[in-house]
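A.B. asks: What follows is the residue order along each chain.
2 protein chains.
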Amino acid sequence: MPSAVVAPRHLGGHRTLTKRSASPPTSPTKTGLGQDQLRRNNLSALLTRVHLHGSISRASLTRGLGLNRSTIGGLAATLEDLGLVTERQPSAVRQSGRPSLVLEPRRDNVAVAVDIGVDRIVTALVALGGDVLHQRQRPHAPGEHDVTHVIESAAQMVEDLLVAEPAARCLGIGVSVPGAVRDSDGFVRFAPNLGWVDQPFTELFSERVGTRVFTGNDANLGVLAEHLRGAAVGHADVAYVNGSVGIGGGFLVGGVPLHGSRGYAGEVGHLLVDGSSTLQCRCGNVGCWETKVGENQLLVRAGRLPGGGPEGVAEVIAAAAAGEKRAADALDDVGQWIGAGLRAVINVFNPEVIVLGGSMAALWQARQDVVDKTLDRWTLMSPRSDVIIRASAFGLASPWRGAAEMVFAPVLADPASVLELSTPAQAGVG
Amino acid sequence: MPSAVVAPRHLGGHRTLTKRSASPPTSPTKTGLGQDQLRRNNLSALLTRVHLHGSISRASLTRGLGLNRSTIGGLAATLEDLGLVTERQPSAVRQSGRPSLVLEPRRDNVAVAVDIGVDRIVTALVALGGDVLHQRQRPHAPGEHDVTHVIESAAQMVEDLLVAEPAARCLGIGVSVPGAVRDSDGFVRFAPNLGWVDQPFTELFSERVGTRVFTGNDANLGVLAEHLRGAAVGHADVAYVNGSVGIGGGFLVGGVPLHGSRGYAGEVGHLLVDGSSTLQCRCGNVGCWETKVGENQLLVRAGRLPGGGPEGVAEVIAAAAAGEKRAADALDDVGQWIGAGLRAVINVFNPEVIVLGGSMAALWQARQDVVDKTLDRWTLMSPRSDVIIRASAFGLASPWRGAAEMVFAPVLADPASVLELSTPAQAGVG
Numbered sequence: 001m002p003s004a005v006v007a008p009r010h011l012g013g014h015r016t017l018t019k020r021s022a023s024p025p026t027s028p029t030k031t032g033l034g035q036d037q038l039r040r041n042n043l044s045a046l047l048t049r050v051h052l053h054g055s056i057s058r059a060s061l062t063r064g065l066g067l068n069r070s071t072i073g074g075l076a077a078t079l080e081d082l083g084l085v086t087e088r089q090p091s092a093v094r095q096s097g098r099p100s101l102v103l104e105p106r107r108d109n110v111a112v113a114v115d116i117g118v119d120r121i122v123t124a125l126v127a128l129g130g131d132v133l134h135q136r137q138r139p140h141a142p143g144e145h146d147v148t149h150v151i152e153s154a155a156q157m158v159e160d161l162l163v164a165e166p167a168a169r170c171l172g173i174g175v176s177v178p179g180a181v182r183d184s185d186g187f188v189r190f191a192p193n194l195g196w197v198d199q200p201f202t203e204l205f206s207e208r209v210g211t212r213v214f215t216g217n218d219a220n221l222g223v224l225a226e227h228l229r230g231a232a233v234g235h236a237d238v239a240y241v242n243g244s245v246g247i248g249g250g251f252l253v254g255g256v257p258l259h260g261s262r263g264y265a266g267e268v269g270h271l272l273v274d275g276s277s278t279l280q281c282r283c284g285n286v287g288c289w290e291t292k293v294g295e296n297q298l299l300v301r302a303g304r305l306p307g308g309g310p311e312g313v314a315e316v317i318a319a320a321a322a323g324e325k326r327a328a329d330a331l332d333d334v335g336q337w338i339g340a341g342l343r344a345v346i347n348v349f350n351p352e353v354i355v356l357g358g359s360m361a362a363l364w365q366a367r368q369d370v371v372d373k374t375l376d377r378w379t380l381m382s383p384r385s386d387v388i389i390r391a392s393a394f395g396l397a398s399p400w401r402g403a404a405e406m407v408f409a410p411v412l413a414d415p416a417s418v419l420e421l422s423t424p425a426q427a428g429v430g
Numbered sequence: 431m432p433s434a435v436v437a438p439r440h441l442g443g444h445r446t447l448t449k450r451s452a453s454p455p456t457s458p459t460k461t462g463l464g465q466d467q468l469r470r471n472n473l474s475a476l477l478t479r480v481h482l483h484g485s486i487s488r489a490s491l492t493r494g495l496g497l498n499r500s501t502i503g504g505l506a507a508t509l510e511d512l513g514l515v516t517e518r519q520p521s522a523v524r525q526s527g528r529p530s531l532v533l534e535p536r537r538d539n540v541a542v543a544v545d546i547g548v549d550r551i552v553t554a555l556v557a558l559g560g561d562v563l564h565q566r567q568r569p570h571a572p573g574e575h576d577v578t579h580v581i582e583s584a585a586q587m588v589e590d591l592l593v594a595e596p597a598a599r600c601l602g603i604g605v606s607v608p609g610a611v612r613d614s615d616g617f618v619r620f621a622p623n624l625g626w627v628d629q630p631f632t633e634l635f636s637e638r639v640g641t642r643v644f645t646g647n648d649a650n651l652g653v654l655a656e657h658l659r660g661a662a663v664g665h666a667d668v669a670y671v672n673g674s675v676g677i678g679g680g681f682l683v684g685g686v687p688l689h690g691s692r693g694y695a696g697e698v699g700h701l702l703v704d705g706s707s708t709l710q711c712r713c714g715n716v717g718c719w720e721t722k723v724g725e726n727q728l729l730v731r732a733g734r735l736p737g738g739g740p741e742g743v744a745e746v747i748a749a750a751a752a753g754e755k756r757a758a759d760a761l762d763d764v765g766q767w768i769g770a771g772l773r774a775v776i777n778v779f780n781p782e783v784i785v786l787g788g789s790m791a792a793l794w795q796a797r798q799d800v801v802d803k804t805l806d807r808w809t810l811m812s813p814r815s816d817v818i819i820r821a822s823a824f825g826l827a828s829p830w831r832g833a834a835e836m837v838f839a840p841v842l843a844d845p846a847s848v849l850e851l852s853t854p855a856q857a858g859v860g
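These protein sequence lines map, in sequence, to chains A and B. Residue 187 in this note's numbering sits at position 187 of the first sequence; the count goes up by one each step and never skips. Residue 726 in this note's numbering sits at position 296 of the second sequence; the count goes up by one each step and never skips.
Honestly, the hints are just simulated from the structure, not real lab data. Some clues are possibly wrong.
To be verified - Where chain A lies over chain B, by a calculated footprint (3+ residues, C-beta under 8 angstroms):
#	stretch
1	468-474
2	488-501
3	700-706
Unchecked claim - Short derived list, chain B residues pointing at chain A, Cβ under 8 angstroms:
#	residue
4	463
5	711
6	781
7	816
A quick note: this is a predicted structure, and the numbers were derived from the prediction, not measured. Note that CB positions come from ideal geometry on N, CA and C, so glycine has one too.
Bound conformation, chain A alone:
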């Protein structure tokens, strides 16, 4: 019977162990579901769609969620009572018959995003639904990378943002840090490019601003933003490689963020790519990928001074295009090493899409041929055959966009929990 030859889809077949399964099919920890979990799941699913689509009709929610009209109506009413969505008549009725109400996120629910970079701090106020209401940027005072200065500077910038929206309900503050952040409490174990080791950053910052703070690794947050709203929408197996002074990696595996047992996973910048190198990396090792493709490596290789940042990289790319041999050679060299590192990423993760962030996007665009040649030569046939490589959709903004999503996450997972948040007056900083 031919129909039985290959495992039928409806029986699972090969799909049973693919990325579509949220956990191993025989997950030992699987538990029963009651009516309250059922309702929480459905409230969460509805609010998540409204948050990601911005504005969506009851009719499309009914189709998208596979629930009937009356269930959708009840869920929408609950979210309206929670102050998370509003319902309105559609602006234009396209067909005859009763028009379907349109749900919209209430933009007076806001997340504060903070990006602590090596050279600057960026803060932004992001509304439920994803609109960026305000944004600020401030360079670090020279030599003031230390936690105390960073917290004070960031706290003042957060206050500036919140006073601009006095009526908003602040759902929390999300912070992106270029280092290893412990998932359980946001303790920063290791941020070499800031010079931080074992800093209770999240606790200190929470005490200073009086609001709940979520802290994450910049690349882990970057891949989340690209997955939800950027260059990796619709892809469940994603590698995000963020290149600046250092190299950070953020990964989605079957739609699940790769964090590891404590939140330190994804350190592809320290993969050994050149065993014969003698140049020491900030991690203490030699031959790390980041010592071959970091911004300063390119700048020095091209005869420039280190520390030029993304602008310095852009200048080298322009000079190479204008025919400067030393700049062109530096790009060729870095292009080959980008390929060498991406080769490992492809063989280990077999991603559907690789999103390049920070300076690495510009470097790849300038030397795509060199990168591709390295990959075609050295990557295992199978995973290479269908990987897509793209530049980040948000550029330098991916990490703080993801930081905002990290703040929305618990409310999206359990919308009723928003009631347990303090009111604007209490949540307001200072």
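Given the structure of chain A, go ahead and fit chain B onto it with the hints provided.
C.D. replies: Showing chain B alone in chain A's frame:
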């Protein structure tokens, strides 16, 4: 208010993006749940516990699943009707009052497991609940690695097993292959150590045996077995590294198997660890991890002939213990390269536990000090601090144990689907 300083657990806090979340909290694909999915989930959760625990009382199921007694009773009755479990009075009543019925898996539901190794084929008949009823092993005829010979040989071995249990309901055949297997249909893209490229193995084998066949990569199946019943029980972030002639990697990320976009992920054997090496790997590259720590590399380094397999490796370890310098030096050298590769695994995945399978377990046990020294020197501080390294619980059997679980998976995920399987008479091979 101090209680609000650090993000409260019940609001998600830092947990929201950790491995405990089955998908990103703002998963764009999250859908609604209806009553039928609710019931399927609960049937699945109950059968999964019975399958993994072998025998479990209604009382502990009530506690473990968080469902009430009557719900458990109804679910148990349905599974009994499906012929998947039996209920019996407990053998010994320890306390007064009504004794709680005990559920057991019906062992006449069987999975056939097939492990296609480089030198031999192993087959086993595994019952629901995990008991191994029968096992067979047969070496490949010299030079008969090709798909046609392997399929015929394996099919005969499968027939031998099934005639031994004529009354059993065969849930399917699970096959472990040492190569890149496409998730969607079990097509084998690349199995270098068998010399297979682009082979429709699963389709051909299904046609030959007339039963549904599931095919997976050996290391991906190995980590599943170790997670469900072996050295990684209770761990959600697991790295399984299987070393023999080649090196295979199987990973669990937040409890989700790492398969990648097509099922080719986990190829850590081809990570570059020695840029100065000139020895070419079977993948066509040079400097791959597997060229430094594969069985034959150790044997040649120790002055033995390649092809000695696990027995050859054991002989070298014994000779080194007996004082043979050349053997000891070879082990020291391989031990350092094992450390170099595990360093990358730790920095990229930050696993809770690394399970070593095949010859690598023995090599690590023989040179644990050398491996640890390399890790302590070169691994990033954070992920290194709490990783556990262990030998596989099933040794060479992990891949076929996992292959059996791959067969049980769709039935555990949707127990009612077992009705759509053909009866023993029809499912019987031949």
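A.B. asks: Next, verify each hint and record whether it holds.
C.D. replies: Tested hints:
| no. | hint | result |
| --- | --- | --- |
| 1 | 468-474 | holds (count 4) |
| 2 | 488-501 | holds (count 5) |
| 3 | 700-706 | holds (count 7) |
| 4 | 463 | holds, 5 angstroms |
| 5 | 711 | violated, 10 angstroms |
| 6 | 781 | holds, 6 angstroms |
| 7 | 816 | holds, 7 angstroms |
Hint compliance for this structure: hint 5 alone is broken.
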